[in-house]
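A.B. asks: Below, each chain spelled out in residue letters.
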Amino acid sequence: MNSSYAVPAVALVVVATVLVGAFGLRVSRTTSDFYVASRTVGPRLNAAAISGEYLSAASFLGIAGLVLVQGPDMLWYPVGYTAGYLVLLLFVAAPLRRSGAYTLPDFAEARLASPAVRRLAGAFVVGVGWLYLLPQLQGAGLTLTVLTGAPDWLGGIIVAVVVTATVAAGGMRSITFVQAFQYWLKLTALLVPALFLVLAWQGDGAPRPAFDEPAAFREQRSVRVGDSIDLRLERPLTVTVTGTVDGRSHDAARLRLAAGTHHVARGTRLVFDRGTAVPAGARGTDDALSPSRAESRSKRPLYATYGLILATFLGTMGLPHVVVRFYTSPHGVAARRTTVAVLALAGAFYLLPPVYGALGRLYAPELALTGDADAAVLLLPDRMIGGVGGDLLGALVAGGAFAAFLSTASGLTMAVAGVLTQDVLPSRGVRHFRLGTLLAMAVPLAASVAVGGLPVADAVGLAFAVSASSFCPLLVLGIWWRRLTPPGAAAGMLVGGGCALLAVAATMAGLPGDGALHALLAWPALWSVPLGFLTMTLVSLATPGRVPTGTAAILARFHLPEELRNERAEVTP
Amino acid sequence: MPQDSAERRVVVTGPPRRARALGHYRPRTEIDEQTTLGHTYVRSLMRSQLRAALTAFAVLVLLVGPLPLAFAAAADGRLEWAVLGFGLYAPLVLLARWYVRRAERNERDFVRLVEDR
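Chains as they are written, first to last, in our numbering: chain A, 1 to 573; chain B, 1 to 117.
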């Protein structure tokens with residue numbers, strides 16, 4: 001791909017982010033400005049900011065890539081990301097804003113008056129935040145590698161530096177402007193190329209096999225395998241090989257590979273005939289990192305789908321960068337209306353990735369094979385349109401992708417840094433917040449350089465599962481149930497969230513081979529969410545004496561409209 | 001709707017205010033003083049809000065829950081493409097708007113009840 005336009009586009013996005021952030025810096029004066037933009041952000045600006053923050057690398061690159069590899073089942077991801085906001089609106093939005101807390105640990109402490117629960121919630125915020133930051137940095141690395149051939153880690157480092165600088169300098173207020181700007185940038189960067197791609201598709205005679213299962217090569221296609229991969233064949237495959245397959249070298253030999261797994265060494269060239277189904281490939285060792293790509297999918301597709309639905313529907317409310325945004329609404333009613341606007345903005349955006357996924361199956365099916373499916377969005381303009389037009393559109397997409405990494409990473413860094421500053425580092429204040437920002441970014445950056453290779457949307461799915469099993473019970477029961485006790489909340493978070501975290505870690509480490517156990521561990525939400533709720537409820541019921549004394553007053557604060565609360569202080573003549 | 005003057009307030013968690021303005025209608029005082037009657041008022045608001053939320057949630061579950069089964073049953077993948085790719089977002093937004101209207105109406109009714117307006 002020609003990088004002469006793409007690199008300036010990425011540079012432009014980075015510079016614009018810094019400039020818009022600097023504009024925010026001028027108006028960011030007090031500590032309150034710094035953390036929650038003094039709560040003066042109106043619904044429209046706030047909704048664009050929330051959407052800009054929420055539409056991450058997983059949305060921008062990952063969904064199209066997953067759809068390309070695995071077909072329409074993966075469209076549950078964007079549906080879940082959007083419906084998660086609906087669930088958040090129904091049970092959490094207004095009371096959370098009225099609780100008057102800055103962060104999730106603040107909420108836990110305000111509701112339960114327990115420093116221990118607060119610390120536990122803080123630990124989960126940091127864990128989920130880091131789990132979610134990792135794929136953003138990796139996505140940035142992938143984008144830069146595809147565009148320029150730069151080493152994997154460079155993109156991640158650029159994003160890390162820009163985000164740390166913006167967040168540490170301007171805090172939340174500047175971030176609000178940056179995020180709102182980036183929503184519109186991202187929408188444009190996907191919409192405009194999508195229009196041209198659809199026109200190109202029509203010019204091509206509007207071929208329809210994009211929706212067929214499985215995707216097939218439309219013409220004879222030669223694929224060079226960059227890194228050695230394992231081909232997983234459900235049916236025998238006839239292919240012309242130049243290079244090494246299963247340890248035997250061939251030179252333009254026509255092979256009939258039996259069903260099963262075949263190892264293809266790096267540098268091998270495979271030529272597929274027209275009409276051949278695209279086999280699923282995975283880069284040897286990275287395979288275990290991908291629950292959605294593992295065997296569990298074909299063996300338990302329904303279980304996996306419902307697990308995904310549950311995790312995304314209930315996990316959204318506990319994502320640290322999502323929750324912190326609600327504190328910037330001026331009042332509970334505005335928080336609700338903001339959420340509806342977010343639903344509309346996110347829904348509009350999510351109409352686009354499926355287009356890229358479907359076109360990718362037609363025009364770049366070999367990406368599924370080489371494990372670079374996340375790059376489909378970046379490569380399609382060049383592949384389908386070509387020339388200067390293709391390069392320019394490719395540059396626009398690349399700029400949008402970087403906006404995606406920057407915005408989500410900023411929000412997460414903000415949230416994690418907030419917790420680190422208030423609960424881990426010794427004293428409070430803006431200076432320590434800057435130290436917290438550095439720390440918040442350093443850990444996932446190190447991990448992304450060390451680990452590498454986690455498919456972007458999958459990693460995000462794991463963060464959702466942990467959040468759904470720990471914070472969802474805490475928020476829902478905390479807001480609606482009087483008899484929640486500190487021991488109950490702590491036990492529920494530890495058991496639900498802890499189990500999900502262990503399952504995720506076990507899957508990542510590739511512990512269970514396959515079968516039912518693997519499916520259970522790769523899609524933990526289906527059992528860990530009920531487990532979290534059940535534990536929280538039962539332990540609370542078992543410790544009735546520990547219900548905090550101020551519970552009734554606090555619940556009244558959560559639910560009473562502000563006009564009732566505020567007038568009380570203001571009527572004094 | 002809260003007034004603009006209230007918007008810049010930063011709420012600080014603290015013990016409930018003991019002093020209250022005189023001449024307010026009784027339910028307000030009951031809520032402020034956290035009497036049993038006051039709690040009953042708050043509970044009734046919570047119940048109506050929870051009912052609205054659960055109704056919307058039930059609609060969501062009925063809308064989405066059967067879909068994976070339907071897709072598994074239907075041999076044609078195009079249905080799944082159409083529904084998941086384009087069909088679900090508009091109903092989600094409509095459901096959200098319905099809920100917000102109902103939640104705001106619940107709150108208005110409650111304020112009217114409490115302030116005897």
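I should point out that these hints are in silico values taken from the structure, not numbers from a laboratory.
Every residue, glycine too, gets a C-beta built ideally from N, C-alpha and C.
A few of these clues could be false.
Residues on chain A that point at chain B, a partial pick, calculated with CB under 10 Å [what the hints assert, rightly or not]:
| hint | residue |
| --- | --- |
| 1 | Leu75 |
| 2 | Trp130 |
| 3 | Leu187 |
| 4 | Leu191 |
| 5 | Val192 |
| 6 | Leu195 |
| 7 | His262 |
| 8 | His263 |
| 9 | Val271 |
| 10 | Gly275 |
| 11 | Ala346 |
| 12 | Leu351 |
| 13 | Ala516 |
| 14 | Ala556 |
A.B. asks: Are the hints correct? Go through all of them and say.
C.D. replies: Status of each hint after checking the structure:
At its closest, the beta carbon of A/Leu75 sits 4 Å from a beta carbon of chain B; the interface hint therefore holds under the 10 Å criterion. Checking A/Trp130 against chain B by beta carbon gives a least distance of about 28 Å; that is not within 10 Å, so the hint is violated. A hinted interface residue such as A/Leu187 counts as satisfied when its beta carbon comes closer than 10 Å to some beta carbon of chain B; here the least separation is about 14 Å, so the hint is violated. For A/Leu191, the interface hint is violated, since its Cβ never comes within 10 Å of a Cβ in chain B; the closest pair sits about 15 Å apart.
For A/Val192, the interface hint is violated, since its Cβ never comes within 10 Å of a Cβ in chain B; the closest pair sits about 19 Å apart. Violation of the interface hint for A/Leu195 is found here, the shortest Cβ-Cβ separation to chain B being roughly 16 Å, above the 10 Å cut-off. Taking 10 Å as the C-beta contact cut-off toward chain B, the hint placing A/His262 at the interface is violated, the least distance being around 27 Å. Of the supplied interface hints, the one on A/His263 is violated, with its beta-carbon coming no nearer than about 30 Å to a beta-carbon of chain B, more than 10 Å.
Taken as an interface hint, A/Val271 does not check out: its beta carbon lies about 27 Å from the nearest beta carbon of chain B, beyond 10 Å. Checking A/Gly275 against chain B: minimum C-beta separation of about 18 Å lies over 10 Å; hint violated. Interface restraint check: A/Ala346 against chain B, minimum CB-CB distance 8 Å, threshold 10 Å, status holds. Among the interface hints, the one on A/Leu351 holds; its C-beta lies about 6 Å from the nearest C-beta in chain B, closer than the 10 Å criterion.
About 18 Å separates the beta-carbon of A/Ala516 from the nearest beta-carbon of chain B, more than 10 Å, and the hint is not met. Taken as an interface hint, A/Ala556 checks out: its beta carbon lies about 5 Å from the nearest beta carbon of chain B, inside 10 Å.
When each numbered hint is compared with the structure, violations occur for hints 2, 3, 4, 5, 6, 7, 8, 9, 10 and 13.
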